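Chemist: Order-wise, the sequence lines are chains A, B and C.
Mapping to our numbering: the first sequence position 253 is 253, numbers consecutive.
Mapping to our numbering: the second sequence position 70 is 70, numbers consecutive.
Mapping to our numbering: the third sequence position 244 is 244, numbers consecutive.
There's no promise every hint is true.
[Unchecked claim] Ranges between beta-carbon positions, derived for each pair:
hint	chain 1	residue 1	chain 2	residue 2	range
1	C	His157	B	Thr87	35 to 43 Å
2	B	Thr135	A	Ile115	51 to 59 Å
3	C	Thr62	A	Pro195	24 to 32 Å
4	A	Arg9	B	Glu8	46 to 54 Å
[Claimed, not checked] Per the computed footprint, the stretches of chain A lying under chain B, defined by three or more beta-carbons under 8 Å from a beta-carbon of chain B, are:
hint	segment
5	172-182
6	189-199
[As the list claims (entries may be wrong)] A short, non-exhaustive set of chain B residues, derived as facing chain C with CB atoms under 8 Å:
hint	residue
7	Phe38
8	Gln195
9	Arg222
10	His223
Just so you know, these hints were derived from the structure itself, not from any lab.
Small disclaimer: the values here were computed from a predicted structure and weren't measured.
Every residue, glycine too, gets a C-beta built ideally from N, C-alpha and C.
These are the residues of each chain, in order.
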Amino acid sequence: MRVLISPLRFILEALRGRKLATIGALWLLLIIVLGIGAPLVAPFDPLEIDPIARLSEPGAPYLFGTDHFGRDTFSRAVYGARMALIIGFGSVVVALLCGGLIGMLSGYFTGLGHILMRVVDVLMAFPALLLALGLMTILERSVMNTIIVIGTVYATTTARILFGMTLKLKNDVFIDAARCTGAGHFSILFKHILPNLLSPILVQATFIFAFAQLQAAALDFLGLGLPPETPSWGNMLAEERIYITRAPWLLIYPGVLIILSVFSMNLLGDALRDRIDPRFKDDIAGV
Amino acid sequence: MSANPFLEVNNLNVVFHTKSASGMFNKEHNHAVKNVSFSVYEGEVLSLVGESGCGKTTIGRVITHLEHAGTGEIIYAGQNILTMSDTRFRPLRKQIQMIFQDPYASLNPRLTVEKTLSEPLFIHKLVKNRSDARTKIAAMLNEVGLNAEAMDRYPHEFSGGQRQRIGIARVMMVQPRLIIADEAVSALDVSIQAQVLNLLKQLQRSSGVAMLFISHDLAVVRHISDRIAVMYQGEIVELNETRQIFEQPQHEYTQRLLSSIPVIPSRKNIEPTLSSNGGML
Amino acid sequence: MSKAEALLRVENLNIAILENKQLQPVVRGISFDLHTGETLGIVGESGSGKSLTALAIMGLLTGTPIRITGGHIWFKGEDLLQQSKAQRRALMGNAMAMIFQEPMTSLNPVYRIGDQIIETIKQHQNINANGARKRALELLDMVKIPDATHRIDHYPHQLSGGQRQRVMIAMALACDPDLLIADEPTTALDVTVQKEILELMAELQRTTGTAIILISHDLGVITQTCDSVAVMYCGKIVESSSTKNLFDRLGHPYTRGLINSIPPLDNDIEWLNAIPGQVPALNALPTGCPFQPRCYHAQDQCNQAPPLTLIDDEHKVRCHFAVQLQSSDS
Numbered sequence: 001m002r003v004l005i006s007p008l009r010f011i012l013e014a015l016r017g018r019k020l021a022t023i024g025a026l027w028l029l030l031i032i033v034l035g036i037g038a039p040l041v042a043p044f045d046p047l048e049i050d051p052i053a054r055l056s057e058p059g060a061p062y063l064f065g066t067d068h069f070g071r072d073t074f075s076r077a078v079y080g081a082r083m084a085l086i087i088g089f090g091s092v093v094v095a096l097l098c099g100g101l102i103g104m105l106s107g108y109f110t111g112l113g114h115i116l117m118r119v120v121d122v123l124m125a126f127p128a129l130l131l132a133l134g135l136m137t138i139l140e141r142s143v144m145n146t147i148i149v150i151g152t153v154y155a156t157t158t159a160r161i162l163f164g165m166t167l168k169l170k171n172d173v174f175i176d177a178a179r180c181t182g183a184g185h186f187s188i189l190f191k192h193i194l195p196n197l198l199s200p201i202l203v204q205a206t207f208i209f210a211f212a213q214l215q216a217a218a219l220d221f222l223g224l225g226l227p228p229e230t231p232s233w234g235n236m237l238a239e240e241r242i243y244i245t246r247a248p249w250l251l252i253y254p255g256v257l258i259i260l261s262v263f264s265m266n267l268l269g270d271a272l273r274d275r276i277d278p279r280f281k282d283d284i285a286g287v
Numbered sequence: 001m002s003a004n005p006f007l008e009v010n011n012l013n014v015v016f017h018t019k020s021a022s023g024m025f026n027k028e029h030n031h032a033v034k035n036v037s038f039s040v041y042e043g044e045v046l047s048l049v050g051e052s053g054c055g056k057t058t059i060g061r062v063i064t065h066l067e068h069a070g071t072g073e074i075i076y077a078g079q080n081i082l083t084m085s086d087t088r089f090r091p092l093r094k095q096i097q098m099i100f101q102d103p104y105a106s107l108n109p110r111l112t113v114e115k116t117l118s119e120p121l122f123i124h125k126l127v128k129n130r131s132d133a134r135t136k137i138a139a140m141l142n143e144v145g146l147n148a149e150a151m152d153r154y155p156h157e158f159s160g161g162q163r164q165r166i167g168i169a170r171v172m173m174v175q176p177r178l179i180i181a182d183e184a185v186s187a188l189d190v191s192i193q194a195q196v197l198n199l200l201k202q203l204q205r206s207s208g209v210a211m212l213f214i215s216h217d218l219a220v221v222r223h224i225s226d227r228i229a230v231m232y233q234g235e236i237v238e239l240n241e242t243r244q245i246f247e248q249p250q251h252e253y254t255q256r257l258l259s260s261i262p263v264i265p266s267r268k269n270i271e272p273t274l275s276s277n278g279g280m281l
Numbered sequence: 001m002s003k004a005e006a007l008l009r010v011e012n013l014n015i016a017i018l019e020n021k022q023l024q025p026v027v028r029g030i031s032f033d034l035h036t037g038e039t040l041g042i043v044g045e046s047g048s049g050k051s052l053t054a055l056a057i058m059g060l061l062t063g064t065p066i067r068i069t070g071g072h073i074w075f076k077g078e079d080l081l082q083q084s085k086a087q088r089r090a091l092m093g094n095a096m097a098m099i100f101q102e103p104m105t106s107l108n109p110v111y112r113i114g115d116q117i118i119e120t121i122k123q124h125q126n127i128n129a130n131g132a133r134k135r136a137l138e139l140l141d142m143v144k145i146p147d148a149t150h151r152i153d154h155y156p157h158q159l160s161g162g163q164r165q166r167v168m169i170a171m172a173l174a175c176d177p178d179l180l181i182a183d184e185p186t187t188a189l190d191v192t193v194q195k196e197i198l199e200l201m202a203e204l205q206r207t208t209g210t211a212i213i214l215i216s217h218d219l220g221v222i223t224q225t226c227d228s229v230a231v232m233y234c235g236k237i238v239e240s241s242s243t244k245n246l247f248d249r250l251g252h253p254y255t256r257g258l259i260n261s262i263p264p265l266d267n268d269i270e271w272l273n274a275i276p277g278q279v280p281a282l283n284a285l286p287t288g289c290p291f292q293p294r295c296y297h298a299q300d301q302c303n304q305a306p307p308l309t310l311i312d313d314e315h316k317v318r319c320h321f322a323v324q325l326q327s328s329d330s
């Protein structure tokens, strides 16, 4: 429990006095609640078709209107929130695990670091979207693969950032002291260095979460991300874009949801970054 | 003080190769320690004293395997620890410990005092479980003049002097046989420095641990050492008993060093204080 | 001593830090005088307020959360605290100058030392480039930088610590200041270098007549260089006297404790008579005398703030028992 309280307190303190970031955080809380409680909140099954009510305008019972299949946009939006959370958290986990490990190991074992960081450099030479596209063409469309691809893309920047920080920490006096105590390499890495990286990691996570939404939406839009029936904000944009003149609400709702969520995450990330250990302020340049 | 050399340093040379600031392919060679030899006897306090760049800190770091750039011999327990691999050296870390200069940097800010102090206990298998550890930690904290409840707090909640006490506790927990004190009191306020010096002296006397005391401050060194090695630019220029160094300095540099110390008029009387030997809490 | 005679008179200076929208007092009513050609030493440990006092006199506290909340700083008859920013800036580097502890960070690493000295000169004097360079060379000679004609074009990192401090002194003296404040000028230097720098400062004072405030935690440094001393503890001056008297007479128990904390060089003692406990946090000061919890002489009376008592010619001690402690001295 103690591990959880610390990041929570960190977030609460970071938000103090920052109205916009707090509003952002509350919005995210709302999205989380909606996403988790999707089956309870959504009035309709997102896949259920009502051909008679195709492309109806927002109004009862279809709060956000219906799409070209007659599916309720509101329900799809709510389930879309769930998908956003899954993609977001999933990408964060993949990016932090892979990138974090690579970064920390590279920073600590300099020989290994020379090799691994060159590989990371090569991957980073590709713009994120291009890299994601490339990877997706090899894999088939699925939620899991989308998460893996986006996670891998952001693992590179995470690796670079944690590499730099580990390099800095490695030479700190308390690390020397731990060595003198007899601690071995992995003890030092995970018991001494890692706890000091938690705050920057948290900030990095918020930025990845935000950018994952954009990447996923872009992939969906290009027909490469999630499978077509999956209700996600990106898919909603992709499928309904030809109806922009006839039923603009079909694009406005998911679009606004994406914008607000990404914006909120960025605000939260900025607030956290400002409260971070001053040693690392310059290392977190964003994703 | 016994007559057995406990630690023997023979012809120690340390050269650092760094990239030069001028030119990409130029390397600078810093001959930090030049052919240094000395012995530390069981139970004694030997000080390495000198100004910046004399190599005293480097010697301490080489002995504890924090630097690996040395050639020569460092004989401890019959083995040359200088050429040992880090893995073979590890069990010896229980016997050779180090106190660091900066109390604000030597404790991991993310770990409670308990975690920091229990680490050596678990690594060297001195306790079986957490409650064992807590008991030992409580006793040690009391010994260094802190409350046992300090173990549940974080370093930032303590002052510099208190943090240094925690650093000393960490070292004493494994009952080492040699302690290297690298400018252990230099970063402390004068009044706190006196407290911690008293503590170090007391712990050294009661445990009989040998100490290599590294410092630039001659007054402090005089107070705590049995013998003193004066260093200048990587070499030991004079090595003698404390009294001799101060009353009959032989080397010109030692004399220059002694004459540079700003002198305080000798004090008239010494008043009693609240507790014996300079008070802890 | 009338205001006109003392070069600098600090009167009941109060400084506080703005924290969480509240003012936390740090320096709580200190007063002292300084005359031309004199050196005053201010001794104190962490939290005593000595550095803040120096910054307040120099006027370096603007733009920080530190506020001067009361008192006067009379300099050559004018109250600095009543002056405008522009007026104070005109004095900085000109009539009063300051040198700091870390010469590496006080000098701009990307400019040559000559240029930095010249900048100070041109800031305050109407002089052309050639004249300024000549003056800079003069100054470097004055502070005994060897081979000044070449060194003037060096960067700070090419100089040793002692040399950098000399450059700082040269910059400070560039405009012939009436007052020089030195905040721990030799703390970061080796003891042999320290000796040279302190001797240099004493010699320069003899030739230029600049008054010096020397701030240090090192009683030895103070003894060697200062005419008079003020001992600060928790934002108050607890003892002030001529340097000689500080050691000849029993003064404040804190001063005694400080002196006892330094291991003697001329004889061996078993244990240092250290001051027990530690400096209290700013927001948790004891009522009355702040030194009370650590004092061997503390009594109930100490709950009331002790007055500054004169025990001898110009020797003042802030203690209820200042006089009594004298008579118990053998």
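Chemist: Run every hint past the structure and note whether it holds.
Modeler: Hint-by-hint comparison with the structure:
1. His157/C / Thr87/B: 35 to 43 Å: The hint (35 to 43 Å, Cβ to Cβ) holds, given that His157/C and Thr87/B are roughly 39 Å apart.
2. Thr135/B / Ile115/A: 51 to 59 Å: 47 Å, violated
3. Thr62/C / Pro195/A: 24 to 32 Å: Violated: the Cβ-Cβ distance is about 39 Å, outside 24 to 32 Å.
4. Arg9/A / Glu8/B: 46 to 54 Å: Since Arg9/A and Glu8/B have Cβ atoms about 52 Å apart, the given range 46 to 54 Å holds.
5. 172-182: Answer holds; 10 residues pass the 8 Å Cβ test.
6. 189-199: holds (count 5)
7. Phe38: 22 Å, violated
8. Gln195: Result: holds, 4 Å to nearest chain C Cβ.
9. Arg222: The hint holds - Arg222/B has a Cβ within 8 Å of chain C, the shortest such distance being about 6 Å.
10. His223: Check passed: Cβ of His223/B comes within 4 Å of chain C, closer than 8 Å.
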